[in-house]
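Protein chains in written order, with the numbering used here: chain A, 38 to 484; chain B, 38 to 484.
Think of the hints as simulated: they come from the structure by calculation, not from any bench.
Idealized CB from N, CA, C, for every residue including glycine.
There may be inaccurate statements among the hints.
Said to hold, decoys possible - What follows is a list of derived Cβ distance ranges for each label pair:
1) A:Met38 with B:Glu186: 22 to 30 Å
2) B:Thr309 with A:Thr309: 50 to 58 Å
3) B:Arg415 with A:Pro151: 30 to 38 Å
4) B:Asp418 with A:Asp296: 36 to 44 Å
5) B:Asp406 with A:Lys284: 48 to 56 Å
6) A:Lys284 with B:Lys44: 21 to 29 Å
7) A:Gly452 with B:Glu186: 56 to 64 Å
8) B:Asn115 with A:Arg318: 52 to 60 Å
9) B:Asp418 with A:Pro151: 19 to 27 Å
Said to hold, decoys possible - Here are some of the chain B residues that sit facing chain A, going by a computed Cβ distance under 8 Å:
10) Glu207
11) Phe209
12) Lys210
As the list claims (entries may be wrong) - Residues of chain A clear of chain B, computed beta-carbon distances all greater than 12 Å:
13) Val54
14) His66
15) Leu111
16) Gln193
17) Ile315
18) Arg318
19) Glu319
20) Thr328
21) Arg344
22) Pro380
23) Glu394
Number of protein chains: 2
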Amino acid sequence: MERTLIKDTLTKIGEKVSLAGWVNTKRDHGKITFIDLRDRSGIVQVVGQGSSLSVGAEWVIEVEGVVKKRPENLVNPNIETGMVEVEAQDIRVLSKAAELPFDMGKPDLDLGLPTLLDFRPLTLRNQKINSIFKIQEVVIDSFRRALKEKDFFEFQAPVFIPEVAEGGAEVFKVPYFDHEVYLSQSPQLYKQILVGAYERVFSVNKTLRAEPSMTTRHLTEVTTLDAEFGFIDSYLDVKEMAEYTIKYMLNAVEKECGDILKKFNATVPKFTDSIPMIKLREAQEIIFKRTGRDNRQEPDLQPEDEREICKWSLEEKGSDLIFISHYPTKKRPFYTYQDPEDPDYTMSFDLLGRGTEWMTGGRRINDYDILLKMAKERDVDPKKLELYLQAFKFGMPPEGGFSFGSERVTMHILGLANIREASLFPRDMERVDIRLSLLEKPNKKVK
Amino acid sequence: MERTLIKDTLTKIGEKVSLAGWVNTKRDHGKITFIDLRDRSGIVQVVGQGSSLSVGAEWVIEVEGVVKKRPENLVNPNIETGMVEVEAQDIRVLSKAAELPFDMGKPDLDLGLPTLLDFRPLTLRNQKINSIFKIQEVVIDSFRRALKEKDFFEFQAPVFIPEVAEGGAEVFKVPYFDHEVYLSQSPQLYKQILVGAYERVFSVNKTLRAEPSMTTRHLTEVTTLDAEFGFIDSYLDVKEMAEYTIKYMLNAVEKECGDILKKFNATVPKFTDSIPMIKLREAQEIIFKRTGRDNRQEPDLQPEDEREICKWSLEEKGSDLIFISHYPTKKRPFYTYQDPEDPDYTMSFDLLGRGTEWMTGGRRINDYDILLKMAKERDVDPKKLELYLQAFKFGMPPEGGFSFGSERVTMHILGLANIREASLFPRDMERVDIRLSLLEKPNKKVK
Chain A
38 MERTLIKDTL TKIGEKVSLA GWVNTKRDHG KITFIDLRDR SGIVQVVGQG SSLSVGAEWV
98 IEVEGVVKKR PENLVNPNIE TGMVEVEAQD IRVLSKAAEL PFDMGKPDLD LGLPTLLDFR
158 PLTLRNQKIN SIFKIQEVVI DSFRRALKEK DFFEFQAPVF IPEVAEGGAE VFKVPYFDHE
218 VYLSQSPQLY KQILVGAYER VFSVNKTLRA EPSMTTRHLT EVTTLDAEFG FIDSYLDVKE
278 MAEYTIKYML NAVEKECGDI LKKFNATVPK FTDSIPMIKL REAQEIIFKR TGRDNRQEPD
338 LQPEDEREIC KWSLEEKGSD LIFISHYPTK KRPFYTYQDP EDPDYTMSFD LLGRGTEWMT
398 GGRRINDYDI LLKMAKERDV DPKKLELYLQ AFKFGMPPEG GFSFGSERVT MHILGLANIR
458 EASLFPRDME RVDIRLSLLE KPNKKVK
Chain B
38 MERTLIKDTL TKIGEKVSLA GWVNTKRDHG KITFIDLRDR SGIVQVVGQG SSLSVGAEWV
98 IEVEGVVKKR PENLVNPNIE TGMVEVEAQD IRVLSKAAEL PFDMGKPDLD LGLPTLLDFR
158 PLTLRNQKIN SIFKIQEVVI DSFRRALKEK DFFEFQAPVF IPEVAEGGAE VFKVPYFDHE
218 VYLSQSPQLY KQILVGAYER VFSVNKTLRA EPSMTTRHLT EVTTLDAEFG FIDSYLDVKE
278 MAEYTIKYML NAVEKECGDI LKKFNATVPK FTDSIPMIKL REAQEIIFKR TGRDNRQEPD
338 LQPEDEREIC KWSLEEKGSD LIFISHYPTK KRPFYTYQDP EDPDYTMSFD LLGRGTEWMT
398 GGRRINDYDI LLKMAKERDV DPKKLELYLQ AFKFGMPPEG GFSFGSERVT MHILGLANIR
458 EASLFPRDME RVDIRLSLLE KPNKKVK
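Assemble the whole structure, with the sequences as input and the hints as a guide.
Structure below.
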């Protein structure tokens, strides 16, 4: 008999169906037993005679039975199929499960992060945890759809890179045959190179960063959403494309994941027709006026400043999202385009939302001579940029782009407390699936 | 004035347009100069007065002018816009280009692979080379679309993995804070874990393999397309899903990339309604009968066997594609499902096409006890499989899956001679963008 997905039982009242899934919970009432059966589409109550039901939590079973409408007073409003139940006629075990290390039956698994991650294969089966990554799937997929609609080309960014022009301690080095290569921290240089070949490009890629901190915001491996495009008139074209993209993504999440948002008591950020954009110095002035905190000489916003300017944006502009532009030249990468009217500041921006950074972007320098000059001024070795510089040496239009972290966007849409919750298999300095402290130390030769 | 894409000039005869792009070629005929202008949509001929045209190859320019229909005898059948040309009124330089290291004006860049890769930012601008990755984009995107239509969940597979249960010399080790981790060679274990949470999953991911060979088929970094799903009845369900997926992909390439296929004088492989599937031993018997080559005891097909059986499939079955099933148990990974009627052989398969392997797949062991037993028999340390084994310990349905290499599929559709041509930035033991031999050796301490 062909399998029916659980959500489709709603349309099969009175019919015989064959279901398959996991025993989410089992309640034994003597002669009669209730099983909440779970498959990828939902949960439904199965009712069976005691004798046929020697199954336990997380066992995988097939159930043949008849879909019945529940009496009004027995409808369960907490599950989508709460109007019906399935009267089991036959139950077949596909796979047994060992006794669980903790109760999986509750909608919220309050186990603490270490246990949630130590038992990831199991805790991902919890419907609420499971659905975090359905939001992430839509975040990533809608990013792609948004840019495909604008004629962008999707490329696969490399993980191995030859040398790190800008240096920095937070790069992973990999012994590579007789040599040594690095792991990519960003496809920035590649996406710019590809503007020379495809004009408009985007990439869903891995950012690998030797982040030596255990904050709630940092992982060593994240999935980044990058876009870059040419033939712009100014950085405002980049802001506009970034704005279109984030709106597209948030609209997709709202439209396609309404039930999940409800589960988390979350809403997508409010935004206005044109998301407000102010300069860093303006933001600092506003913060000074509102709080008396004088960070007007600082080259960046502190976390408390980010929260304050988001508060201001919501109160004064009705937008949870706000662009901050014109960060100081010396705090941005060498390829960032300077404001011709004030070269100490760049035509770059961050998008802040709900008190923290969501995206960074801006216009880049497309003139080969200026790019070379800026690299040298910043002690970036042009020899390590050879491939990158080629793209500009042989004709590059005015261009710019932007970059999101998919985990951060997911985290901030759902209001998660820790970015680890927004990663299927989070990696940090202490954990790569297992806790690294449990591993033997590598022998010296290899390290 | 708003930019018109070059391909749209065809619908704007008699109108004034503003174009922007690169100078593909320039032909100076004294008072009159012809420029082939290239943007992401195509190439068009621009005609201008000599004086206004001090531009060179790969310069980025904006052209304002009027679209004219060409006289019948001057139509250029080699470009899509060959019916028209644009009479330039104004040309503005957006970016100059240095003198090119080679002539980029020819449709085919016969420079040899080393030069093609040494100048990747430039050679990717060649329309034919450029279009290889549009095929690859459709290969990858149609893989996603095919599986989304079957209710599969897309996940992001990790790059860092804790330990390599199956060992093998071809894994990259990475110093990781005080420890050591590895780079993923396959999301196999993760996709199986996720069947326990999502039932049907797929992933576009990076496979990183310390491949110490310089063949035309191997890279150290490739983009792999992986799928896995539960609640199957047998390995035939896996074959069916794999077959559906490859057909979907090939149909998409044929439908969406007809012009590119033509450029390469390529066609997608012929396939039949049901792609033939035979057992390895049957294939070897057929090869023996056809060629007298007796490899009937071998555990795998040799390259010449793969070519021969593909030849047979096309001649006898009318299909460029053929599944070979029932590889010997000892040659497949420990998790491969054995044929209950003959446990020396597995319910796994490869898909061969045009003489070589395209995909590998099969049913997996979903019973925890058997999986554990098989791991031990094969000297796979269960302690290194802890997270993976959890997924099976706590209830896993019968399941299976398959895996493609996106570069291989692209290569074999277009008939490219070397897999490096099917990678935007190919990495092998000798090259990571630049030739590694040009780098200083790392100091001993780090290696």
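*Do the Cβ positions of Lys284 of chain A and Lys44 of chain B conform to the proposed distance bound of 21 to 29 Å?*
holds, 28 Å
_Least C-beta distance between Leu111 of chain A and chain B, which was stated to exceed 12 Å_ = Its Cβ never comes within 12 Å of chain B, the nearest being 28 Å, so this holds.
*Is it correct that the beta-carbon of Ile315 of chain A has no partner in chain B closer than or equal to 12 Å?*
holds, 28 Å
_Status of the given 48 to 56 Å range, CB of Lys284 of chain A versus CB of Asp406 of chain B_ = holds, 52 Å
_Arg415 of chain B versus Pro151 of chain A beta-carbon gap, inside 30 to 38 Å or not_ = holds, 32 Å
*asked:* Looking only at beta-carbon atoms, does the pair Asp418 of chain B, Pro151 of chain A fall within the given range of 19 to 27 Å?
replied: Given a distance of about 24 Å, which is inside 19 to 27 Å, the answer is holds.
*Is the Cβ of Thr328 of chain A more than 12 Å away from each Cβ in chain B?*
holds, 38 Å
*Is the shortest C-beta separation between Phe209 of chain B and chain A less than 8 Å?*
holds, 6 Å
_Beyond 12 Å from each Cβ of chain B, as asserted for Arg344 of chain A_ = At roughly 29 Å from the nearest Cβ of chain B, Arg344 of chain A sits farther out than 12 Å, so the non-interface label holds.
*Could one say that the CB atoms of Gly452 of chain A and Glu186 of chain B fall in the range 56 to 64 Å?*
violated, 32 Å
_Pairwise beta carbon distance, Asn115 of chain B to Arg318 of chain A, judged against the given window 52 to 60 Å_ = With a Cβ separation near 55 Å, Asn115 of chain B and Arg318 of chain A satisfy 52 to 60 Å, so the hint holds.
*asked:* Verify this label for me: Val54 of chain A is non-interface relative to chain B, using a Cβ-Cβ cutoff of 12 Å.
replied: The claim holds: Val54 of chain A sits with its nearest Cβ about 14 Å from chain B, beyond 12 Å.
Checked against the numbered hints given earlier, the structure breaks hints 7, 10, 16 and satisfies all the rest.
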